[in-house]
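Participant: Here's the letter readout for the chains.
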Amino acid sequence: MVYLYAVLAFALIASILAVMYKPLGDYMYGVFTSKDDLFFERWIYRIIGVASDKEQTWKAYLRGVLGFSLMSVLVLYLLQRVQHWLPFSLGFPNVEGPLAFNTAASFVTNTNWQSYSPDVTLGYTVQFAGLAVQNFVSAAVGIAVAIALVRGFARRRSDTIGNFWVDLTRCTMRILLPISIVMAIILMALGVAQNFAGFVDVHTVAGGSQTIMQGPVASQEVIKELGTNGGGFFNANSSHPYENPNMWTNLIEILLMLCIPVALTRTFGRMVGNVRQGYALLGAMTTLFAVGFLAVVTAESFSNDPITGLTGGSMEGKEDRFGIVWSGLFGTTSTGTSTGAVNSMHDSYTALGGMVYMVNMMLGEVSPGGVGSGLYSILVMAVVAVFIAGLMVGRTPEYLGKKIGPREMKMASLYFLVMPVTVVVGVALSFALPFARQSVFDTSLANSGNHGFSEVVYAFVSAANNNGSAFAGLTADTPWLDTALGVAVLLGRFVPIVLVVALAGSLAKQDVVPQTSGTMRTDNRLFVFLLVFVIFIISALTFFPTLALGPLAEGLVA
Amino acid sequence: MKNAMALNMRSYWAGLKTVLVFTVVVIVYTFAMFGIGQLGMPDKANGSLITDRSGQVVGSSLIGQSFTDSKGEALPRYFQARPSAAGVGDDNPSGYDASASSGTNLGHRDEGLIKDVRTRRADIAKREGVDVKDVPADAVTASSSGLDPDISPEYAAIQVRRVARERGLSQEKVEQLVKDNTTGRGLGFIGEPVVNVVTLNKALDDLS
Numbered sequence: 001m002v003y004l005y006a007v008l009a010f011a012l013i014a015s016i017l018a019v020m021y022k023p024l025g026d027y028m029y030g031v032f033t034s035k036d037d038l039f040f041e042r043w044i045y046r047i048i049g050v051a052s053d054k055e056q057t058w059k060a061y062l063r064g065v066l067g068f069s070l071m072s073v074l075v076l077y078l079l080q081r082v083q084h085w086l087p088f089s090l091g092f093p094n095v096e097g098p099l100a101f102n103t104a105a106s107f108v109t110n111t112n113w114q115s116y117s118p119d120v121t122l123g124y125t126v127q128f129a130g131l132a133v134q135n136f137v138s139a140a141v142g143i144a145v146a147i148a149l150v151r152g153f154a155r156r157r158s159d160t161i162g163n164f165w166v167d168l169t170r171c172t173m174r175i176l177l178p179i180s181i182v183m184a185i186i187l188m189a190l191g192v193a194q195n196f197a198g199f200v201d202v203h204t205v206a207g208g209s210q211t212i213m214q215g216p217v218a219s220q221e222v223i224k225e226l227g228t229n230g231g232g233f234f235n236a237n238s239s240h241p242y243e244n245p246n247m248w249t250n251l252i253e254i255l256l257m258l259c260i261p262v263a264l265t266r267t268f269g270r271m272v273g274n275v276r277q278g279y280a281l282l283g284a285m286t287t288l289f290a291v292g293f294l295a296v297v298t299a300e301s302f303s304n305d306p307i308t309g310l311t312g313g314s315m316e317g318k319e320d321r322f323g324i325v326w327s328g329l330f331g332t333t334s335t336g337t338s339t340g341a342v343n344s345m346h347d348s349y350t351a352l353g354g355m356v357y358m359v360n361m362m363l364g365e366v367s368p369g370g371v372g373s374g375l376y377s378i379l380v381m382a383v384v385a386v387f388i389a390g391l392m393v394g395r396t397p398e399y400l401g402k403k404i405g406p407r408e409m410k411m412a413s414l415y416f417l418v419m420p421v422t423v424v425v426g427v428a429l430s431f432a433l434p435f436a437r438q439s440v441f442d443t444s445l446a447n448s449g450n451h452g453f454s455e456v457v458y459a460f461v462s463a464a465n466n467n468g469s470a471f472a473g474l475t476a477d478t479p480w481l482d483t484a485l486g487v488a489v490l491l492g493r494f495v496p497i498v499l500v501v502a503l504a505g506s507l508a509k510q511d512v513v514p515q516t517s518g519t520m521r522t523d524n525r526l527f528v529f530l531l532v533f534v535i536f537i538i539s540a541l542t543f544f545p546t547l548a549l550g551p552l553a554e555g556l557v558a
Numbered sequence: 001m002k003n004a005m006a007l008n009m010r011s012y013w014a015g016l017k018t019v020l021v022f023t024v025v026v027i028v029y030t031f032a033m034f035g036i037g038q039l040g041m042p043d044k045a046n047g048s049l050i051t052d053r054s055g056q057v058v059g060s061s062l063i064g065q066s067f068t069d070s071k072g073e074a075l076p077r078y079f080q081a082r083p084s085a086a087g088v089g090d091d092n093p094s095g096y097d098a099s100a101s102s103g104t105n106l107g108h109r110d111e112g113l114i115k116d117v118r119t120r121r122a123d124i125a126k127r128e129g130v131d132v133k134d135v136p137a138d139a140v141t142a143s144s145s146g147l148d149p150d151i152s153p154e155y156a157a158i159q160v161r162r163v164a165r166e167r168g169l170s171q172e173k174v175e176q177l178v179k180d181n182t183t184g185r186g187l188g189f190i191g192e193p194v195v196n197v198v199t200l201n202k203a204l205d206d207l208s
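Chain order of the listed sequences is F and C. If you read the first sequence in UniProt numbering, its first letter stands for residue 1, the second for the next number, and so on. If you read the second sequence in UniProt numbering, its first letter stands for residue 1, the second for the next number, and so on.
Chain F with its partners taken away, still in its complex shape (with noise of 0.2 Å):
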């Protein structure tokens, strides 16, 4: 029976996305080939001063995604430091230093890892002129990469990949905004919370009394899951239900993760000239998709441990609305999506259930993958599966007409280590270095045994990934892992961006190659199955031995 409605369930997500598949993708397309900029992006432009008809280098382009970024962290630590002086503070005191550092860090690079509790740290200007609007520009500077690496496969001979002023301005500005606006009023019609009223006491049906934290939900609700962000409004994220308050919320908030990644792979094949291009990516992204769905499900349903077996279904840390397979479902795009929105606990999970959503992180987050990062991680899986295809029948590797050569692999090669060194290197010092060991095994845990270990592989997988959920139950407000976790947050965001933007600049630069009855097909089931297989292969090998000695030695003994 779980079956029938999870089948129902990815049936209907699947139909809704191929019904805007087309118009979203088309419309992306336009925005970011159109040569007319809208009024009041001339007025932006003025401002900030930027030719927007003057196309960049690729290392122009790199020096405007890190400059803006950087200026980015400052305005959103400074803001978090003074914030008891702000207007709508709820009275907090001003963040403490590390605890800001990782906070903005953690918005800046889309990653929304909170070690705060937002219901006892953060007053409503830090959430809506801080957070909310890095949710915004954040979503905006990844699909702007993405759409650089794609218009280096797409052009030939140019020195240039496009303006990455505009890039930023046009997504947030016809994107990501309208459909902000129009989802934030149905959202609100659905019951999502918009208000200022602070914390309203009550007394409650039984006599009792309670205090219910309000604030402008809504509007950064909506925004957290169309950007791929994640980051909570409230403590229990999409758990809380001014967040997510019934089953058409949830769906929406599922719809909106989604939208945008799958879509632009059909951007990304009108761009290159052939939209196959782009069904062989989604399926590819699809196929990763149903498998964990289903594992997921099968591990809350039929689970032999201690909780699940005892009550007949695994439902600590689950809101009774949405049940084992629409809490399968959001925890599945959210990890798959660089989301890391909860409407359901994790670190409450079967140990297997669990494991899912960490191997949907391993894999690199390409099912879809973040807002541009699932595109760009996606296609740089892509290169590395021409190569290993190419080496096998001894013929020089090409994808999308561009010759993939020594230095093409190596960028691919180097970008596919960052996370797995990001997170193996920051679990292994958390347990290796004495005051690290000592702050995570005193503070941090909050489980014991493998469920602990857990914790903290989970921490930096979803860190190092950008994804930002969690293991809710790891204390991470501590010096140690507030500086690794903001640390590893940056690295797996700006190391591989920095290698992406290089990359598009080499193709760009490349003639196109004509096609040959010998030149390796990449639109065809046959390229799905190897991409779906390298992605796998190449994070199973890493990361095997870290899940042996967490969620596997859990959910395995008897």
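Derived by calculation from the structure, the hints in this document are not laboratory data.
With a straight-line Cα cutoff of 30 Å, these simulated BS3-like cross-link-like pairs (lysine-lysine) come out:
#1 F:Lys410 <-> F:Lys509
#2 C:Lys126 <-> C:Lys173
#3 F:Lys509 <-> F:Lys59
#4 C:Lys179 <-> C:Lys126
#5 F:Lys35 <-> F:Lys54
#6 C:Lys17 <-> F:Lys59
#7 C:Lys17 <-> F:Lys54
#8 C:Lys17 <-> F:Lys35
#9 C:Lys71 <-> C:Lys115
On a predicted model such as this, the values are computed, not experimentally measured, just so you know.
Given chain F, work out where chain C should sit, using these hints.
Facilitator: Chain C in isolation, oriented as in the chain F frame:
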């Protein structure tokens, strides 16, 4: 080298101005949504607050409440909500602190959790006069937010007899109210069927 420095400085300056421009844009957006919410759907935008017959605000239809005394013992006149970890502590054994949303975050092999679940099962079975096998999963597990306003129809069903007895109502009357406060699956398969325990208990109080 000097040239590179100058280029970097230019991108920092442009970056700073861009951050500020978009900050203004997002502030305008936030307050525009606030205005639309207050004009178009004020009840929902203000948190779906509910009032009793005298007009007093008694909570929100979306936010769960506890129906226990100050020691955490169930009040028999009310349908009981799920266990909650929100703000739970020595001075608040029942949770449901709507300014401290939280789950327990305990794993399935945590000994404390296993013990709690066993105790709750036994307690509920005794309270409702049913076999432990008939106590549903959601009755003995804490929700994700700690503010789940709902219980499963199964958990509501085993409580009907007690509530009817305590209030001197017929079981049919109580069953009818349960039905009135039940939401089924959307289109037959979206979400899970739930009974809103806050509005249900308020409806019971409104009867008397």
